[in-house]
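Enquirer: Residues per chain, in single letters:
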Amino acid sequence: MSYHLSIIGTLDNPLFELSFGSSKQGGDGVAKFRPEALYMNQFLVHAALDLVEEVQWVSKDLYLKRIDSHQNNHIHCFLTGGNVKFMLLMNPDPQATTYSAYPTTPASRPGTQAGGRQSGGATGTTGAGGMLAANPTSQGTEEAVRAFMNEVYETWLKCIMNPFYTANQVVTSPVFRSRVLAAGRKYL
Amino acid sequence: MPPTLDDPLQSPQESDSEQPVAVRKTRHGKSPLDSVASLPYRRSNASLSTLFASTTSLPLQSGTPSESGTVTPTAGAINGSVFSPGASSALRSSSPAPSAQSVANSETRDIIQRAFSPHVSILASQDTEELVRHKGIHGGLLEILRPFGERVQGKVTIRDSSGVSRSWEDYGIRFTGVRDGLESPRLSDRKSTDSGGSSARNGQRTSMVDYKPARLRSGGDVPLVEELVERHLTFAEEQSGPVDADYLTHIDGQPTDARVPSPFYTLYLRRLLSGLPMVPSETFSHPVASVIAISSRSANPIEELRNLFHSSNQGEHRLPQWVHNEFLRYYVLVHDEDFDDITKSMSLFDQMKRHFGLHCHLLRLRSTQCLPSDDGAVKLPQCEWTAAAEELAEIVRRETSEDDDNTTPCIFETDANAIRAFVREMVTQSIVPSMERASATWNDQVASRRRGLSGRFMSLSKRFTPFGGRNASVPLGGAGSNYDSLQGFYRPDAPEAVMRKLADYGMMLRDYKLAQGTYEILCQDFKNDKAWRYYAGANETAAVSSLLAVSAVSPRVRVEGIDQYLETAYYSYITRVGAPYSALRTLMLGIELLRIRGGASLDDAARWSTRVLDDRLVGPVGHVLFMERIASCFTERKGVGGVGGSSGDRTRKAAFWYMLAADAWLRLEKTSQAEKCLHEAARLYRLDDGEMGLRFDGMRDFLRALRHAVKVNRNGPQHLDGVDLLADDDDDDERTLVEPLQEESEQLGPRSPVFGHRKSLSIAAAAHPAPLQTQFADPLGAVPNAYEGTDDVVPAMLSPHGVDAASSTPVVERKDPRDDGFE
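Here the protein sequences line up with chains A and B, keeping their order. Under the UniProt record's numbering, the residues of the first sequence are numbered 1 to 188, in order. Under the UniProt record's numbering, the residues of the second sequence are numbered 1 to 823, in order.
Same shape as in the complex, but just chain A (with noise of 0.2 Å):
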C-alpha cells in the first residue's frame, strides 16, 4: 500500500508533499508508486479538490473521509480551519494503475499488468499494508487515517505557530517530515 500526503494551502498550491509506503506487515515504508505517478498523484489530488469544496458544505467533521477515487486511488482529506487540505492518496495496487494508458490486461488481477513490471518490490503489493489494502474502503480504514490526520494536524499547529512562517509557504522543516513519517509508521 502506498500513500501520498499533499498538504494545500488555500490558492490550490501544495505546502508539503510526501510519498511513503506502508509499514505494516512486512511493509519497507517506501511507496511503490510508478514513475508516473510523480505527476499523476498530484493531478489527482488537485481534481478532488473539487470534491473536497463540495463535500465541506455537507460534513460536520473535520475529517472529510475518503471522497474520490480514480481506479484504484482513493483519496481522503482532512480540513483545517484556515482552509488547508490534507489530502491522502492511498493506492492498494500501485503497478495496476493505469492512468491514462488502454488497460491491455483485465482490470481485475492484479499481480500483471500491462507492462508486467518486475521491480523490486511489487510482488510485496498485495502482503504489506494487507489490512488496508484488503479493503481501503472500510471503516477501519477511515479509522487509522482518521487517527494518522489527527496527529498530522497536530504537528501542522506546531509548525504554523512558528512566528517566521507566513500563510501559504511551503513547509521544509525536516522535523515535520519525520513527525509525518513517524505517525505514518504508526497507524499507517
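Quick caveat, the hints were computed from the structure, so don't treat them as lab data. Ideal Cβ placement from N, Cα and C applies to all residues, glycine included. It is possible that part of the hints are untrue.
Derived DEER-like restraints, expressed as beta-carbon distance ranges [to be verified]:
| # | chain 1 | residue 1 | chain 2 | residue 2 | range |
| --- | --- | --- | --- | --- | --- |
| 1 | A | Thr172 | B | Glu560 | 47 to 55 Å |
| 2 | A | Glu143 | B | Gly561 | 30 to 38 Å |
| 3 | A | Gln169 | B | Glu560 | 44 to 52 Å |
| 4 | B | Lys638 | A | Gly81 | 24 to 32 Å |
| 5 | B | Gly561 | A | Gly81 | 40 to 48 Å |
| 6 | A | Ile160 | B | Lys638 | 29 to 37 Å |
The calculated lysine to aspartate or glutamate pairs, modelled on EDC-like cross-linking and capped at a C-alpha distance of 20 Å, are [as the list claims (entries may be wrong)]:
| # | chain 1 | residue 1 | chain 2 | residue 2 |
| --- | --- | --- | --- | --- |
| 7 | B | Lys638 | A | Glu54 |
| 8 | B | Lys638 | A | Glu17 |
| 9 | B | Lys135 | B | Asp350 |
| 10 | B | Lys527 | B | Asp563 |
Assemble chain B onto chain A, guided by the hints.
Expert: Chain B alone, transformed into the frame defined by chain A:
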C-alpha cells in the same frame, strides 16, 4: 456487487476479435510511418473524402442537395479538421444563435430517437432486381431505397396511445434485407442459424440478390466500430491543416465547442446503434412491414407476388420462429418508364389493389442507366445508418480500387422524387397507421389487463398455479411460464412477447410513456421467468424510455429509477448473458440521455462513463473518446453557486480528464485531437496565467511536455506527405537511443522525470546526432532546429514517459509508439 469481469466480458465472438484489434494498435517498436506505410497507400481521392464526410467539417461536400443524410451542418462544421479554410469558416460563422450546448443535446437526443426506427424488409423479385441493376445500382432495390427511407419527406403525424397527435420532422424508417441482422458481420464466427443445409443455395441466391452480403449490414460488433472510427480519425489526421497559420485560425473556433460532442464520438454512437442485430429479446430490428416488389417486366405478376409472399411466410425467406410473422405486407409494382407500357401497368396495379387490398404502390422508375453528366442526375445519397462492417468494407474497397473517380451511382431526379413520394405514402398511409392499430389492439387485449391492481396479481398467479397462464404453458420453463428456457425465447404469441412488441412499437412511434409503463411490467415478468436476456433488455429500454419520456426541460422527474434500471441491465448483460455489446449500448444511451438532463445527472453520467472505462467495454479508441466525453460532462457541471461560491463546480476534474484524454490521444498518435484536448486542459488549469496559474510543479511540467509533444508532432506521424513515405526509420538506433538515456536518467534521481531527461539528452545528443534525425520523421525538417537548443523546453522532447522504459522491455515496446512521435 461488482461482477467479475474477466471472462464474461469476452463473449465468444469478442474474445478472438479483441486480440487482433489490440495487437494492431500497439505497433511494437516501429516508427509510426512504418505502420502507416504497411497499409495500402491511401489516395485521398474525392470518393474517399465523401465516405469520411460525416466527420470532416464539410458535410455537404458530397454535393447532394437536401437528402445528404449526414450530420447537421452546424455541429459538423464546428468540429473536425479544416478541410478547406474558406468554406468552413463561412459555415462556422453561419451557425445559428442557439448555444452549442443545446445543439449538442438535441443532436445526441435526435440520434437516439432516430435509432429506434421501424425496420421494413425488402423482398424483390428477380426481374425487379435486374431492372435496378440495369440502372447501374448493383445492390438492387434495397440499395436504391435505403437512403430515401432514412428521412421521410415532410412531417409525419403519429397518434399515441392517449390519443394525442404529434408530428415529427425527422421521422424515418430503415429498409433492410430480409435476413439482415441475423448473422454476425465477422466471417470467422458466422453461425448459420437455421437452414444450414440450404445455406449454400441461399448464399448463392442472396449473392445474386444482394450486392453486399446481409451479414455486413448487421451491427452489434464493438471492435468493428472501433476500427471504423479509427479509420476516420486517421483520415482526419492526414487531412489536418499542415501549417501554423491554419492552426491559429483553427484555434479561434475552439473555446465554445467543448460541449459539442466530437464528430467521432457521434459516429461511434451512431454506428453502435446501426444495424441492430436481430435477437429474440428485442424486436426493434424485427420487420414491422415487408415490401414485396415485382416489376412490370414480369410474366405472371400475381403469381410472382403470391410466391414471394409464400416464401416470406413459410419459405426460404422466413424469419426465425421467435419473430412475429404477422406483419404488414406492402406490395409494390415497379414500372419501367422507358420500356414498358403505362396502361398495362396501371391495369395490373388495379388488379393488385383488388387482390391485396390498399397497401400497394406503383413506383415509376426509369430503367436506363444514369450518367453523372446527364440532365437532372443526382447522386444516390449516402446512408446515415449503415453498419460499421458495411462502411469499413466500402472504405477498404475505395482505397484499394484503382480508379479515382467517384463510384457512387447516379439516379434521375424523377426517380428520386418518385421514391421519396413512395416512402412518404407508405409511411404515412400504411406503416404508421398499421403500427398504431396494432399497438392499440395489443394494448387493449394484453397490456391493459396487466395494469391496475388485478394485473399485478396476475404474474403471481401465474407462478403459483400449476396449470396457470392463459396459454398452454411450455413445461420446461417452470410452472405457468411461457418462456422456453432451453432455446431462450418466448413464442411470439405469448403475452410477454406481445407486450415486448407493444413496448417496442411505442418506442418506434415515439410514445415513450406507453413504452416505459409496459417495460416496467415486463421487467417483473421476465425476472420471474428468469429470462435473463429479456430481463436485461427490458431494463435497458425502461431506462431509455423514461429518460426520453421527460422532456429536456422539466427537472427531476423519476431519476431514482434510472440508476437501478441501468445497473440491473448492465449486471445482467455482463454476468448472466455475456453480451458486452448490449451492455455498452445500455450505458452509452444512459450516459447520453443523463447528460441532457444536466445538473446532478451529469455526475451520474460521468460515473457511468468511468464504469465503462474501468470495465473495458470499449477498445482504445472508445477509451479516449469516453475520456473526452467525461471531461465535457464535468465542464458542463456548474455548481449551484450557493453557500461557498462555486460548490459543485468541477473545473479541476474537467481539466484532469482533458489532460488524460490528450495523453491518450498522443498514444494513439492522433495529434490534432490531442491538441484540442490539451488546449482545453491548459485553459482550465490556467497554465499560462502566471499569477493564478498552477502551483504544482509536476503538473505544470507534464502539461508543458505534452504541449511540446503536440507541437512537435503536429505535422507528424500520420500526416502524409510524399517525403514521409520515403524516409526510412531505423528503429534499432532508436532503441539504442532510449537505452543510454534510461541509465542516465536513473542516476539523476526520481524527483522530476522531465528534468532528468533534459540533462541526459544533452549528453546523448552529442553522441547520436545522426540517428536522431531520422527518428523524427518530420517532413518539414524541424529536427535540426530542435536540437540547436533554441528554447529550454525543447530538450525535454523525449517522452515524459521515457523513464518508464527503464523497467522492462515489454514496457519499452508499449511506449515506443509514443516515443517515436517525440523523437
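Enquirer: Decide, hint by hint, whether the structure agrees.
Expert: Hints, verified against the model:
1. A:Thr172 - B:Glu560: 47 to 55 Å: 51 Å, holds
2. A:Glu143 - B:Gly561: 30 to 38 Å: 35 Å, holds
3. A:Gln169 - B:Glu560: 44 to 52 Å: 48 Å, holds
4. B:Lys638 - A:Gly81: 24 to 32 Å: Holds, at about 28 Å.
5. B:Gly561 - A:Gly81: 40 to 48 Å: Cβ of B:Gly561 to Cβ of A:Gly81: about 42 Å, so the range 40 to 48 Å holds.
6. A:Ile160 - B:Lys638: 29 to 37 Å: Between A:Ile160 and B:Lys638, where Cβ atoms are some 34 Å apart, the hint holds.
7. B:Lys638 - A:Glu54: OK: B:Lys638 and A:Glu54 at ~12 Å, within 20 Å.
8. B:Lys638 - A:Glu17: 30 Å, violated
9. B:Lys135 - B:Asp350: 26 Å, violated
10. B:Lys527 - B:Asp563: 18 Å, holds
Checked against the numbered hints above, the structure breaks hints 8 and 9 and satisfies the rest.
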